[in-house]
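Number of protein chains: 2
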Amino acid sequence: MMKKNSIERISSRQNPYIRWVISLRKPEQRRTEGFFTIEGHREVSRALENNFQVEMLFLMDSVAFQTDQIGRVCYLPPEIFAKISSRENPDGILAVASFPPNSLPNRLPAGVLVLLAEGLEKPGNLGAIIRTAEAVGCDLVILANPLTDIWNPNVIRTSQGAIFGQNITVCSNSEALSFLRKNNIPIAITAPDAQRDYWDAFSSDSLAIAVGNEHHGLSEFWRGNADLSVRIPMCGKTSDSLNVSIATALCLYEFRRTHP
Amino acid sequence: MMKKNSIERISSRQNPYIRWVISLRKPEQRRTEGFFTIEGHREVSRALENNFQVEMLFLMDSVAFQTDQIGRVCYLPPEIFAKISSRENPDGILAVASFPPNSLPNRLPAGVLVLLAEGLEKPGNLGAIIRTAEAVGCDLVILANPLTDIWNPNVIRTSQGAIFGQNITVCSNSEALSFLRKNNIPIAITAPDAQRDYWDAFSSDSLAIAVGNEHHGLSEFWRGNADLSVRIPMCGKTSDSLNVSIATALCLYEFRRTHP
Chain L
1 MMKKNSIERI SSRQNPYIRW VISLRKPEQR RTEGFFTIEG HREVSRALEN NFQVEMLFLM
61 DSVAFQTDQI GRVCYLPPEI FAKISSRENP DGILAVASFP PNSLPNRLPA GVLVLLAEGL
121 EKPGNLGAII RTAEAVGCDL VILANPLTDI WNPNVIRTSQ GAIFGQNITV CSNSEALSFL
181 RKNNIPIAIT APDAQRDYWD AFSSDSLAIA VGNEHHGLSE FWRGNADLSV RIPMCGKTSD
241 SLNVSIATAL CLYEFRRTHP
Chain A
1 MMKKNSIERI SSRQNPYIRW VISLRKPEQR RTEGFFTIEG HREVSRALEN NFQVEMLFLM
61 DSVAFQTDQI GRVCYLPPEI FAKISSRENP DGILAVASFP PNSLPNRLPA GVLVLLAEGL
121 EKPGNLGAII RTAEAVGCDL VILANPLTDI WNPNVIRTSQ GAIFGQNITV CSNSEALSFL
181 RKNNIPIAIT APDAQRDYWD AFSSDSLAIA VGNEHHGLSE FWRGNADLSV RIPMCGKTSD
241 SLNVSIATAL CLYEFRRTHP
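Read top to bottom, the protein sequences are chains L and A. Counting from 1, position 167 in the first sequence corresponds to residue 167 in our numbering; the numbering is continuous, with no gaps. Counting from 1, position 165 in the second sequence corresponds to residue 165 in our numbering; the numbering is continuous, with no gaps.
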């Protein structure tokens with residue numbers, strides 16, 4: 001697929017590259033091929049800055065993008081670019097990149113912050129959570145049994161490209177648990193009936209904050225294996241919970257406040 | 001419009017009530033009439049708990065809803081209910097309620113937390129922010145010059161009905177500022193170049209946290225009138241900002257942590 005400094009122009013919707021890019025909208029196709037799409041100037045730039053392997057770049061006619069990291073560049077007229085875009089107002093930049101390696105690190109140093117997210121299903125929530133995790137300086141995000149594909153275009157978009165700067169591993173619940181146990185990282189969960197407030201609980205050197213599915217929360221697996229249960233105070237008269245991306249942000253930043 | 005304990009069945013899509021409910025999808029129509037729709041069991045229940053004036057209740061055939069607070073109840077077959085619903089999987093409950101009064105309180109007591117949100121335009125963000133504000137026990141939410149209608153169905157849905165438990169006033173920037181000044185409530189904003197971290201800055205008895213539009217942030221009006229500028233640390237290598245609903249939640253809960 002790579003060919004150095006090749007620039008060509010595509011003028012037919014039937015071009016095989018166009019059909020290929022469109023086929024990558026399907027998660028199964030992405031998994032089978034190991035490629036995904038990245039749309040937008042900021043997002044493609046952040047992927048390149050973080051050494052993602054970009055195979056091809058598609059530019060709408062008259063759009064410029066400076067890089068020497070991409071072998072093949074194709075120019076498209078706006079009506080064909082619209083066919084490959086997932087956005088309402090595309091900026092005319094779309095890349096195809098290969099999946100990065102996916103494996104848990106061998107061992108983490110002391111004093112790390114890990115986010116363990118189980119069974120997330122909304123791409124927008126996953127992207128928002130990754131954006132916050134990267135901002136707070138999370139050392140590792142573990143996605144245990146996710147119900148959405150991490151390389152879904154909406155995850156990339158709502159993360160604003162932060163996904164490319166964040167260490168992320170997808171694995172099973174049991175792999176995640178043995179990794180955390182091996183590294184002696186205590187696991188904290190939020191629960192409405194916990195005794196300790198989250199702002200008075202994160203005293204350990206390292207911590208894994210575990211958050212669950214949007215509808216069902218964490219499974220019994222993680223609730224049973226938690227070392228610490230904390231409460232986010234509900235002080236109003238109506239709300240009994242927070243959006244998962246909000247609860248995650250509060251816990252992550254509270255760890256950072258106490259571990260600057 | 002009110003008629004006590006009236007129950008009827010609608011079997012035509014041309015029924016004037018059906019056309020009326022559909023017309024309320026338009027913000028101008030809501031503003032002109034002073035009515036809006038509330039969909040979902042939880043949402044309608046929370047509106048009633050908080051004494052919103054519900055004019056009519058539409059129920060899909062065979063759906064039950066216990067209340068003696070609503071004068072007129074209409075049953076509809078599923079295909080007509082689908083026409084008035086804004087949801088993909090409606091639960092068969094939709095109410096029409098009248099706008100609550102909209103005015104700033106005369107005076108606030110000491111020790112209050114106010115959220116000032118300027119120019120928000122995404123209903124999902126507005127709903128998420130209101131849900132968090134209600135959860136943290138915010139005394140007042142002021143929406144200054146909002147670009148989305150507060151009674152948009154998506155605001156209500158993403159707030160999960162918390163909107164009905166939260167004091168909210170819509171007004172202009174200048175009305176909001178004179179209200180805050182009159183009540184001696186200092187105004188805090190977030191800025192990337194601020195000197196103080198947000199977790200080390202909220203020492204005043206009362207506070208108004210000001211957040212801005214999703215794309216442009218706060219206007220010069222609020223940046224110029226702020227009493228306190230705080231920084232949310234960005235500790236990663238890629239992210240340079242947070243989603244507005246996340247930044248808002250961090251500041252609101254930090255005030256609550258230090259003012260339990």
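If you're looking for bench data, these hints aren't it; they were derived computationally from the structure. It cannot be assumed that every hint is accurate.
[To be verified] To give a feel for the contact side, a few chain A residues facing chain L, derived at Cβ under 10 angstroms:
no., residue
1, Gly124
2, Thr132
3, Ala133
4, Ser159
5, Asp193
6, Gln195
7, Asp197
8, Thr248
Values in this document were obtained by computation on a predicted structure and should not be read as measured data. Glycine is no exception: its CB is placed at the ideal position from the N, C-alpha and C atoms.
A quick look at each hint next to the structure:
no.: 1; hint: Gly124; verdict: 8 angstroms, holds
no.: 2; hint: Thr132; verdict: 6 angstroms, holds
no.: 3; hint: Ala133; verdict: 8 angstroms, holds
no.: 4; hint: Ser159; verdict: 9 angstroms, holds
no.: 5; hint: Asp193; verdict: 16 angstroms, violated
no.: 6; hint: Gln195; verdict: 15 angstroms, violated
no.: 7; hint: Asp197; verdict: 8 angstroms, holds
no.: 8; hint: Thr248; verdict: 9 angstroms, holds
Against the hints set out earlier in the document, violations occur for numbers 5 and 6.
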